[in-house]
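Engineer: If you want the building blocks of each chain, they are given just below.
Protein chains: 4
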Amino acid sequence: MQMGMIGLGRMGGNMVRRLKGDGHDVVGFDMNPDSGRDVDSLEALVAALDAPRVVWVMVPAGAPTDSTIARLGELLESGDIVVDGGNSKYTEDREHAAALAKHGIGFLDCGVSGGVWGAERGYALMIGGDDRDYETVLPIFESLKPEGEFGLVHAGPVGGGHFAKMVHNGIEYGMMQAFGEGFATMLRSEYVTNPAETMTSWRTGSVVASWLLDLLDNATRNDPELKDVPAVANESGEAKWMVEAALELGVPTPTTAAALWQRQASRGGADDILRVVTALRAQFGGHVTKVDEIATH
Amino acid sequence: MQMGMIGLGRMGGNMVRRLKGDGHDVVGFDMNPDSGRDVDSLEALVAALDAPRVVWVMVPAGAPTDSTIARLGELLESGDIVVDGGNSKYTEDREHAAALAKHGIGFLDCGVSGGVWGAERGYALMIGGDDRDYETVLPIFESLKPEGEFGLVHAGPVGGGHFAKMVHNGIEYGMMQAFGEGFATMLRSEYVTNPAETMTSWRTGSVVASWLLDLLDNATRNDPELKDVPAVANESGEAKWMVEAALELGVPTPTTAAALWQRQASRGGADDILRVVTALRAQFGGHVTKVDEIATH
Amino acid sequence: MQMGMIGLGRMGGNMVRRLKGDGHDVVGFDMNPDSGRDVDSLEALVAALDAPRVVWVMVPAGAPTDSTIARLGELLESGDIVVDGGNSKYTEDREHAAALAKHGIGFLDCGVSGGVWGAERGYALMIGGDDRDYETVLPIFESLKPEGEFGLVHAGPVGGGHFAKMVHNGIEYGMMQAFGEGFATMLRSEYVTNPAETMTSWRTGSVVASWLLDLLDNATRNDPELKDVPAVANESGEAKWMVEAALELGVPTPTTAAALWQRQASRGGADDILRVVTALRAQFGGHVTKVDEIATH
Amino acid sequence: MQMGMIGLGRMGGNMVRRLKGDGHDVVGFDMNPDSGRDVDSLEALVAALDAPRVVWVMVPAGAPTDSTIARLGELLESGDIVVDGGNSKYTEDREHAAALAKHGIGFLDCGVSGGVWGAERGYALMIGGDDRDYETVLPIFESLKPEGEFGLVHAGPVGGGHFAKMVHNGIEYGMMQAFGEGFATMLRSEYVTNPAETMTSWRTGSVVASWLLDLLDNATRNDPELKDVPAVANESGEAKWMVEAALELGVPTPTTAAALWQRQASRGGADDILRVVTALRAQFGGHVTKVDEIATH
Numbered sequence: 001m002q003m004g005m006i007g008l009g010r011m012g013g014n015m016v017r018r019l020k021g022d023g024h025d026v027v028g029f030d031m032n033p034d035s036g037r038d039v040d041s042l043e044a045l046v047a048a049l050d051a052p053r054v055v056w057v058m059v060p061a062g063a064p065t066d067s068t069i070a071r072l073g074e075l076l077e078s079g080d081i082v083v084d085g086g087n088s089k090y091t092e093d094r095e096h097a098a099a100l101a102k103h104g105i106g107f108l109d110c111g112v113s114g115g116v117w118g119a120e121r122g123y124a125l126m127i128g129g130d131d132r133d134y135e136t137v138l139p140i141f142e143s144l145k146p147e148g149e150f151g152l153v154h155a156g157p158v159g160g161g162h163f164a165k166m167v168h169n170g171i172e173y174g175m176m177q178a179f180g181e182g183f184a185t186m187l188r189s190e191y192v193t194n195p196a197e198t199m200t201s202w203r204t205g206s207v208v209a210s211w212l213l214d215l216l217d218n219a220t221r222n223d224p225e226l227k228d229v230p231a232v233a234n235e236s237g238e239a240k241w242m243v244e245a246a247l248e249l250g251v252p253t254p255t256t257a258a259a260l261w262q263r264q265a266s267r268g269g270a271d272d273i274l275r276v277v278t279a280l281r282a283q284f285g286g287h288v289t290k291v292d293e294i295a296t297h
Numbered sequence: 001m002q003m004g005m006i007g008l009g010r011m012g013g014n015m016v017r018r019l020k021g022d023g024h025d026v027v028g029f030d031m032n033p034d035s036g037r038d039v040d041s042l043e044a045l046v047a048a049l050d051a052p053r054v055v056w057v058m059v060p061a062g063a064p065t066d067s068t069i070a071r072l073g074e075l076l077e078s079g080d081i082v083v084d085g086g087n088s089k090y091t092e093d094r095e096h097a098a099a100l101a102k103h104g105i106g107f108l109d110c111g112v113s114g115g116v117w118g119a120e121r122g123y124a125l126m127i128g129g130d131d132r133d134y135e136t137v138l139p140i141f142e143s144l145k146p147e148g149e150f151g152l153v154h155a156g157p158v159g160g161g162h163f164a165k166m167v168h169n170g171i172e173y174g175m176m177q178a179f180g181e182g183f184a185t186m187l188r189s190e191y192v193t194n195p196a197e198t199m200t201s202w203r204t205g206s207v208v209a210s211w212l213l214d215l216l217d218n219a220t221r222n223d224p225e226l227k228d229v230p231a232v233a234n235e236s237g238e239a240k241w242m243v244e245a246a247l248e249l250g251v252p253t254p255t256t257a258a259a260l261w262q263r264q265a266s267r268g269g270a271d272d273i274l275r276v277v278t279a280l281r282a283q284f285g286g287h288v289t290k291v292d293e294i295a296t297h
Numbered sequence: 001m002q003m004g005m006i007g008l009g010r011m012g013g014n015m016v017r018r019l020k021g022d023g024h025d026v027v028g029f030d031m032n033p034d035s036g037r038d039v040d041s042l043e044a045l046v047a048a049l050d051a052p053r054v055v056w057v058m059v060p061a062g063a064p065t066d067s068t069i070a071r072l073g074e075l076l077e078s079g080d081i082v083v084d085g086g087n088s089k090y091t092e093d094r095e096h097a098a099a100l101a102k103h104g105i106g107f108l109d110c111g112v113s114g115g116v117w118g119a120e121r122g123y124a125l126m127i128g129g130d131d132r133d134y135e136t137v138l139p140i141f142e143s144l145k146p147e148g149e150f151g152l153v154h155a156g157p158v159g160g161g162h163f164a165k166m167v168h169n170g171i172e173y174g175m176m177q178a179f180g181e182g183f184a185t186m187l188r189s190e191y192v193t194n195p196a197e198t199m200t201s202w203r204t205g206s207v208v209a210s211w212l213l214d215l216l217d218n219a220t221r222n223d224p225e226l227k228d229v230p231a232v233a234n235e236s237g238e239a240k241w242m243v244e245a246a247l248e249l250g251v252p253t254p255t256t257a258a259a260l261w262q263r264q265a266s267r268g269g270a271d272d273i274l275r276v277v278t279a280l281r282a283q284f285g286g287h288v289t290k291v292d293e294i295a296t297h
Numbered sequence: 001m002q003m004g005m006i007g008l009g010r011m012g013g014n015m016v017r018r019l020k021g022d023g024h025d026v027v028g029f030d031m032n033p034d035s036g037r038d039v040d041s042l043e044a045l046v047a048a049l050d051a052p053r054v055v056w057v058m059v060p061a062g063a064p065t066d067s068t069i070a071r072l073g074e075l076l077e078s079g080d081i082v083v084d085g086g087n088s089k090y091t092e093d094r095e096h097a098a099a100l101a102k103h104g105i106g107f108l109d110c111g112v113s114g115g116v117w118g119a120e121r122g123y124a125l126m127i128g129g130d131d132r133d134y135e136t137v138l139p140i141f142e143s144l145k146p147e148g149e150f151g152l153v154h155a156g157p158v159g160g161g162h163f164a165k166m167v168h169n170g171i172e173y174g175m176m177q178a179f180g181e182g183f184a185t186m187l188r189s190e191y192v193t194n195p196a197e198t199m200t201s202w203r204t205g206s207v208v209a210s211w212l213l214d215l216l217d218n219a220t221r222n223d224p225e226l227k228d229v230p231a232v233a234n235e236s237g238e239a240k241w242m243v244e245a246a247l248e249l250g251v252p253t254p255t256t257a258a259a260l261w262q263r264q265a266s267r268g269g270a271d272d273i274l275r276v277v278t279a280l281r282a283q284f285g286g287h288v289t290k291v292d293e294i295a296t297h
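For the record, the sequence lines run as chains G, E, L and A. Heads up, the first sequence is in my numbering, so the first residue is 1 and it goes up one at a time. Heads up, the second sequence is in my numbering, so the first residue is 1 and it goes up one at a time. Heads up, the third sequence is in my numbering, so the first residue is 1 and it goes up one at a time. Heads up, the fourth sequence is in my numbering, so the first residue is 1 and it goes up one at a time.
Mixed in with the good hints there might be a few duds.
Stated by the list, open to error - Under the rule of at most 25 Å between Cα atoms (straight-line distance), these lysine to any residue pairs were calculated in the SDA-like manner: (1) E/K102 x E/E120; (2) A/K227 x G/L49; (3) G/K102 x G/L49; (4) E/K227 x G/L249; (5) A/K89 x E/F141; (6) L/K20 x L/V39; (7) E/K20 x E/R132; (8) L/K227 x E/G268; (9) E/K227 x L/G285; (10) A/K89 x E/E95; (11) A/K227 x G/M1; (12) G/K227 x E/E248; (13) L/K20 x L/N32; (14) E/K20 x E/E95.
Stated by the list, open to error - With the C-beta cut set under 10 Å, the calculated list includes, among others, these residues of chain L facing chain A: (15) P139; (16) E147; (17) V153; (18) G170; (19) M175; (20) L187.
Worth flagging that the hints you see were computed from the coordinates, not collected in a lab. Note that the coordinates shown come from a computational prediction; the quantities given were computed from them, not determined experimentally. Idealized CB from N, CA, C, for every residue including glycine.
Chain G extracted, bound-state conformation (with noise of 0.2 Å):
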């Protein structure tokens, strides 16, 4: 089916190549005169679309995604259909849609898994909105997603792809907070000597064979103890806001905090912490003078 994609980075380029692939006619925008868009501007893109149209939001979350939609309102008509496929928060979603909805505009929230492997093995998809809506760009999905029976679902209505897609992040900060440990603790005990070795080997037949372990292979294969990598990491988002929306909800995520909070530690997030409990045991523990003594003693 036709379809317009606006981002061409590498996320959107991908997903035209797989869609193309498949058949598709698909007309790509970017502001990237190098991204080998099909057109120069929205305009011209819409112009190029036939009503009902079908137009692919892939750009950054946040102000990008929201000024690109704020403009497709007024240069879309009634009956067409947005999809952002960005990395949206879910309550954003909801304003997005309602927004195009004043003009007669679908819309659709569509989270993405499957990172750089996604272009080959085919996207995991989580989509938010009207069952009508869905069914109108379904064959597009069909097209992303990977071969067999799964990794495409219907979650739930507006915001719930974004939704489940925070979720989905969230349950993979727990899971390689969750590898880590038990890496990190394996490193430092002297009964297991290769404990790169000995987590690839789970890949087949244990209880924690995954993707992620997979991938852990390829990742120690040449840096077994991962000498080479730092030891700090960064956050993009979504695991704070399942922590947030969970601490709305009450339910409690320990796990998924505990893997976003450790990221932030190595950050410094918690170096002001830290100087209070050293500041403290100097006060109780004894006259100290330096400061090196303080933290140590």
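Given the structure of chain G, go ahead and fit chains E, L and A onto it with the hints provided.
Structural biologist: Frame of chain G; chains E, L and A shown alone:
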């Protein structure tokens, strides 16, 4: 090759069937006369095997394993090998190995993952002990492991197999907790209509694809909200040991511990903590007379 | 000085008594005719005060405070000051202050700690707002605070008072949880005969000496094992807000969150997580038919 | 009464001064000739005391305490009493008591809180052991404890004193962590101008009033943002032991553990976990070549 198996319960019995199916000559013994045992005593088991013997112990950890290995120390000869395939703690392995070594008997500890599915899929095996003993028993390990490149590792010296299995199970705790947090968050939210369908859609193409997700699909097929499953979970020891080992090694394990603590709390472990909190709230919050009010206001 | 007090419940009523005892001229209003109110409407309250007026709002956070402040915006004059002494969220303070500022009315937010003991001991007060407004209301604050050097702080701009109170309560959660963990650990051990007696012995001379320990002494005097206290606790919002604020600021708060989550779990918040864990264990552990077995084996 | 003191370091020396000031006849010994010792050997110490003797051991836990108590077992007589006032683990107390009991020598374990302030304020003491031994040494305890009703408890049988002290220190960890989380959250926010001033205002009238807040006032007086304090903290063992004991007892201790783990992480304990997380992110996020990018994108 020839081997003796002590313990013909669910795990031991399945293993014997898998080994016999692969052409091994396995002599089985169990305390239970209805177990399908080949011999009716440890003495008879030892007598039925040609030296140098390999005897696999597959009985509950603790006293049963302790007494079995102690008796084997008396019955076996120098050059024989004992394999402990149960859930012993890694610290016990060193004691068992030292006691057997006095008689010239070798020892391997073998952590086994795979549950009831292992009979068919093969078991993920983690082995601790000397290279020579490992090489001797390797044909047995090769028959028990799953097909393919993975599923068997010589993790380290004596204790390394059970240490690796302990860490494996700690990771398993963390992963199940992560999936649980995601499921519970979606179940309470208004955004995701069917959390089970959403999660099982991740079985292909997503970053969290894993065998546990495959199992969740089974578990939720007829009970998508898991309403028939009790909100209580027991613990089997390994995660506790892992947290303790990591504490000693100076490695934080918040995710593994959170998963363990939640199970302990589900059995009343946190009740006295809550009583303190509620009693203090009543003290500074006002003179509440009815205990129900104390907890809710 | 002269002041109006809106809300004559336990907190407001006690404050009025303390203020009148200190010679202030307080005009009280409450929706409840049996509250001992001096006037029977907001209009009458405003009319009874000389400009520039100070009006203290001591009603439940959310809709009651919102509507009261909105009405005061209509009734008061430029130069008057509104103090919100309730438990509003710090983000609401900025909205209230902005709405009042349109009419030239000043705004202070005042976090109050001390519970029912404050009437006698004085209240710990944390104030947010402009210096000039703070100086104007200072005589009131001075009468409400405890005797001595401490108990009153101009914490920051508008919102700072409630932000500080939110953090105060988050710390309070963590401290109560810490005491609870210690109490519960001793209660289950065979080493400590009387945990309550042991803990209250720390009221003097120990590092953990604190008012909460003093209160624990009261609470355990007739019920040393707290057997009459329910093992369930509610949450009042502040700890949740603090964890959310810290998440946004990149500061890990595992202690505050653990205290909050345990309360949520005591009200069933973790039940669905446990169902997932137990359902998965049943999947890989064997075909268990009775749900009780699922949770215990 | 008469007593021998072994170990005249900061703690032991201060205790001797406090005891002598209260009229007790204390004979002091220390390995260090410059310690102001009264005798120059354990033998001389024992010879200088009249039977039945009370000997207080105030040396580092572990080997020094083990060897001192072993030697006292040889030198003392039936009816004498040894008090271990150091930081021994509660499990060691039982071994020490059993060894001394063979010679008819009594044993008390004494947990001591109060730090360097104890010399002036008195020490909070927690005692484990038999009633009779406790009564014998009571005059010494009465002199060491603070004035007033609190500060001394006969916590339980042998090991109870150090178990109580262990729990005391675990609580102390949690409280300091709670204060730290609050301080750090305020320091990063724009709402609170001076977190230290705000927190120390809580010293009177607030629910979190405590000796630790008093100490925080000292610590922040010349360095309100604690900029001169290192963001690293060591651990002394007791919190770790408490978490381990609670794990065995089935009591969740997330707050105590979080405080401990943060200190371990500040010394690199979480680094290998973070390496796993970052290595996996790089795997599924794209082929990143520079390690700095891996951690930040």
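Engineer: All hints, please: hold or fail.
Structural biologist: Here's how the hints hold up against the structure:
Between E/K102 and E/E120 the alpha-carbon distance is near 38 Å, which puts this suggested pair outside the 25 Å criterion. A hinted pair counts as satisfied when its Cα atoms are at most 25 Å apart, and A/K227 with G/L49 does not qualify at roughly 60 Å. The suggested pairing of G/K102 with G/L49 holds, with an alpha-carbon distance near 21 Å, which does not exceed 25 Å. Pair hint E/K227 plus G/L249 holds up; C-alpha atoms about 19 Å apart against a cutoff of 25 Å.
For the given pair, A/K89 sits about 42 Å from E/F141 by alpha-carbon distance, which is inconsistent with the 25 Å threshold. A distance of roughly 16 Å separates the Cα atoms of L/K20 and L/V39; the hinted pair therefore holds under the 25 Å criterion. Restraint check for E/K20 and E/R132: the C-alpha separation of about 24 Å stays at or below 25 Å, so the hint holds. A distance of roughly 14 Å separates the Cα atoms of L/K227 and E/G268; the hinted pair therefore holds under the 25 Å criterion.
About 20 Å separates the Cα atoms of E/K227 and L/G285, which keeps this hinted pair within 25 Å; it holds. Note on A/K89 and E/E95: the hinted pairing holds, with a Cα-Cα distance of about 24 Å set against a maximum of 25 Å. Only pairs whose Cα atoms come within 25 Å are accepted, and A/K227 paired with G/M1 is rejected, the gap being roughly 61 Å. Simply put, G/K227 and E/E248 have alpha-carbon atoms about 22 Å apart, close enough for the 25 Å limit, and the pair holds.
The hinted pair formed by L/K20 and L/N32 meets the criterion: a straight-line CA distance of about 20 Å does not exceed 25 Å. Restraint check for E/K20 and E/E95: the C-alpha separation of about 31 Å exceeds 25 Å, so the hint is violated. Restraint check, L/P139 versus chain A: the minimum CB separation of about 18 Å is more than 10 Å; hint violated. The interface hint given for L/E147 holds, since its Cβ lies 8 Å from the closest Cβ of chain A, which is under the 10 Å cut-off.
Proximity of L/V153 to chain A holds as hinted, the smallest CB-CB distance being about 4 Å (cut-off 10 Å). For L/G170, the shortest C-beta to C-beta distance to chain A is roughly 6 Å, which falls under 10 Å, so the interface hint holds. For L/M175, the interface hint holds, the least distance from its beta-carbon to any beta-carbon of chain A being 5 Å, beneath 10 Å. Because the beta carbon of L/L187 sits about 8 Å from the nearest beta carbon in chain A, less than 10 Å, this interface hint is met.
When each numbered hint is compared with the structure, violations occur for hints 1, 2, 5, 11, 14 and 15.
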